[in-house]
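K.L.:
As a plain string of letters, each chain reads:
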Amino acid sequence: DSGVTQTPKHLITATGQRVTLRCSPRSGDLSVYWYQQSLDQGLQFLIQYYNGEERAKGNILERFSAQQFPDLHSELNLSSLELGDSALYFCASSVAPSGSAGELFFGEGSRLTVL
Amino acid sequence: GNSVTQMEGPVTLSEEAFLTINCTYTATGYPSLFWYVQYPGEGLQLLLKATKADDKGSNKGFEATYRKETTSFHLEKGSVQVSDSAVYFCALRNQAGTALIFGKGTTLSVSS
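Protein chains in written order, with our numbering: chain A, 26 to 140; chain B, 1110 to 1221.
Derived from the structure by calculation, the hints contain no laboratory data.
Everything numeric in this text was worked out from a predicted model, so none of it was measured.
Fair warning: there could be bad hints in the mix.
[To be verified] Below, in silico cross-link-like pairs of lysine-lysine (BS3-like), each with a Cα-Cα straight-line distance of 25 Å or less: (1) LYS1213/B / LYS1165/B; (2) LYS1213/B / LYS34/A; (3) LYS1186/B / LYS1165/B; (4) LYS1169/B / LYS1213/B; (5) LYS1213/B / LYS82/A; (6) LYS1177/B / LYS1161/B.
Produce the entire structure from the sequences given, and follow the hints as far as they go.
P.N.:
Structure follows, in structure tokens:
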């Protein structure tokens, strides 16, 4: 158990809909990262937050947004969903905002299926 | 930009066979290098890491050496077990970077 909690574990929805994925980081970790894992693209970094502020952006679509709340949990909002958004979405956390050697701790992921 | 290239899988081996999974990287400066493992139905876990050239990371019988001259970080294990069946990801994080950049993953299947 990594200590990172993600909900829901599975989600099935229709095209055009909007969903919210939630992540609670490990106790004491201030940084939260979101990744998308799909068969064709592999693991793609979406966005990072540190102590409530956006820290880095990766390949995140404009239809997607995220935030980190004062209690440090984070939410990833996916809107106007398309079939291609079906993927496993991982949240990870770390103590520090940056630095090359730090380990990331991953949750078990939220599997989104768009029909 | 920064990128990681891993050998395509799946890799299928018999128990006690020798394992090599190749990984090469492109990065500016001196990145840290990682191997993560994903067991079925689980999130990724750090397997080992190396933070500078010629460092060797090791854990659970797995090893990888940071080779700057060949920009490689190949994963090896002398004798695999069925329980090693998983997806293995090579990753880097550069000095100024925040998030890890992952390769596409290599699926390892070990049979008894």
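K.L.:
Are the hints correct? Go through all of them and say.
P.N.:
Here is how each hint holds up against the structure:
1. Under the criterion of a C-alpha separation no larger than 25 Å, the hint pairing LYS1213/B with LYS1165/B is consistent with the structure, at around 22 Å.
2. For the hint pairing LYS1213/B with LYS34/A, the CA-to-CA distance comes to about 22 Å; that is within 25 Å, so the pair holds.
3. Among the hinted pairs, LYS1186/B with LYS1165/B is consistent with the structure: their alpha-carbon atoms are about 13 Å apart, no more than 25 Å.
4. The hinted pair formed by LYS1169/B and LYS1213/B meets the criterion: a straight-line CA distance of about 22 Å does not exceed 25 Å.
5. A threshold of 25 Å between alpha carbons decides the hint, and for LYS1213/B with LYS82/A the separation of about 19 Å falls inside it, so the pair holds.
6. Our distance criterion of 25 Å between C-alpha atoms is met by LYS1177/B and LYS1161/B, whose separation comes to about 9 Å.
When the structure is compared with the earlier hints, no violation turns up for any of them.
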